[in-house]
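Visitor: Protein chains in written order, with my numbering: chain A, 1 to 71; chain B, 1001 to 1206; chain C, 2001 to 2272.
It should be emphasised that the hints constitute simulated quantities derived from the structure, not laboratory data.
Mixed in with the good hints, there may be bad ones.
Unchecked claim - Taking beta-carbon pairs under 10 Å as the criterion, some of the chain A residues facing chain C (in silico):
1) Glu-37
2) Gln-39
3) Gly-40
4) Leu-48
5) Leu-61
6) Val-62
Quick reminder that beta carbons are idealized off the backbone N, C-alpha and C, glycines included.
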Amino acid sequence: MSGDITLLGYGVSTIGPAIAVGLIFAAYINGVARQPEAQGKLQPIAILGFALAEALAIFGLVLFFIAFFVG
Amino acid sequence: MDYTTIVAGALKAATEEDHSEPIGAGEGAIPILPYMPELIFGLIVFGIFYFFVKRKIVPNLEKAYADRTSAIEGGMERAEKAEAEAAAAKKKYEDQLGEARAEAAQIRERAKEQGAQIIAEMREQAQVEANRITETAHKQVEAERQQAFVQLRGEVGQISTALASKIVGESLEDEARQRGIVDRFLADLESGAIEPEQLGAHDEVR
Amino acid sequence: MNATTTAAGLVLPTAGEGSHFPPTPGDFWQPLFAIPGTEYYFTRPMLLMAIATGLLMVALFVTTRRAAIVPGKGQWLTEQVYNFARNGIARDMIGSKDFMPFVPFLFSLFVFILLNNVFGIIPPFQNPTMARIGFPIGLTLIVYVVYHWVGLRKAGGLGAYIGGMLPAGLPGWIKPFILFLELITFFITRPLTLALRLFGNMFAGHMLLVVFIVGGWYLFKTFEPGLMLVALPAWILGALLTVFEALIQFLQAYVFTLLAASYIGGALADEH
């Protein structure tokens, strides 16, 4: 089996953001369960946090593409 | 492969002059480098779409929102107005009804009065008529009595004269003064100068 | 260029060069015809974007042409989407004071990205436009210019604008570092992630769909009982992923618009 190590690297790099996104939504669900009326306030914040955490995975994707196609 | 090599490679790929194809074109292109026609086309299309939405869609929707708000407010206003109108109309009708009632009572009262008046008048007329009839009857009776009296007086005179003639044996008819005697007798009789008891007592004695 | 030498490519010898399995980034390169006089091509995503925009314009125009006080079905639907973008995104992120000028922009962004994304799973098109990086970069450029311009106008000058990026109450020695980080965030991280997030999600999601559906087809084509049996779960998973993809497409349109609104709101905020 052959392939490119960058692919594996990208896979590893998504672990961090995946955990982060999971934590963010766990906290969001906790918050809504405790205070359902706060959902409207929490939702944009949760989505923003999710987007920020996801940015790390996106950086990983960018570096993967660069390394894969250029390197 | 360290980070600087990667970035250098990316920059090299992005700026390379002797690139066989434009950036982003072809199957082998780096997916994260934009294909310029797509970028520009996307910008233009989105620009057109944005101005379309800004000019045509949002004003219409915002106008509908504003209309809806004002319609709800105006509807409440109209409802209040209608309620006031209804109250006014109700008051008017009640007033009219009261007036009509008062008028009807008045009319009834008047009718009652008039009825009583008519009855009184009729009664009066009837009384007058009855009086008149009674009076006429009285007069007639009086006249008849007078007539009968006169007739009776004549006859009584004749009879008594005749009777007296028979008794006396001589005719008294032709004598004028004899008439005066009868008259005097009758007058005395009327005035009570001759006591009927004497005759009556005489009869009883007999 | 050894994209085809992945594990799946080795398992399936029938999928050789020229086939679409396993999918490569090159599959998103779909030129239709050359633009006369240039070396550039008019591509299929461009056509799809034009179709999506045309459809959107017609649908929006028809449903709101006679915007009535009591909405019809179409107007009601448009109003729901408009309400979502207006109140759920623009007003919440920018604040009820001065969100109104940005409502047309954010609403256009939202519906534009949404329909272009959803084209990824609608049968005759089945290609998310935003999987070509040029389009997200174009949209991000607009957002980038808008929020910097708004922030500059609000601060009244470049110096004040840059100074406004610093959180209040910092000790003096840490300021340069934070300023450096904030500058990177404002000028590099934000646009980069905004464009790449949309692109990456659409790109990867579509590739995943292609892997499961086309892969199932290649398994089926082998006419070997064992592999044909495996094709069925592949397709079921493909169907499930299509539903999941629909969710992602909506979420990405929402996130893109939400972040754009939040950047504009941050630039407009009095206190950083």
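Visitor: Need the list of violated hint numbers for this structure, in ascending order.
Guide: 1, 2
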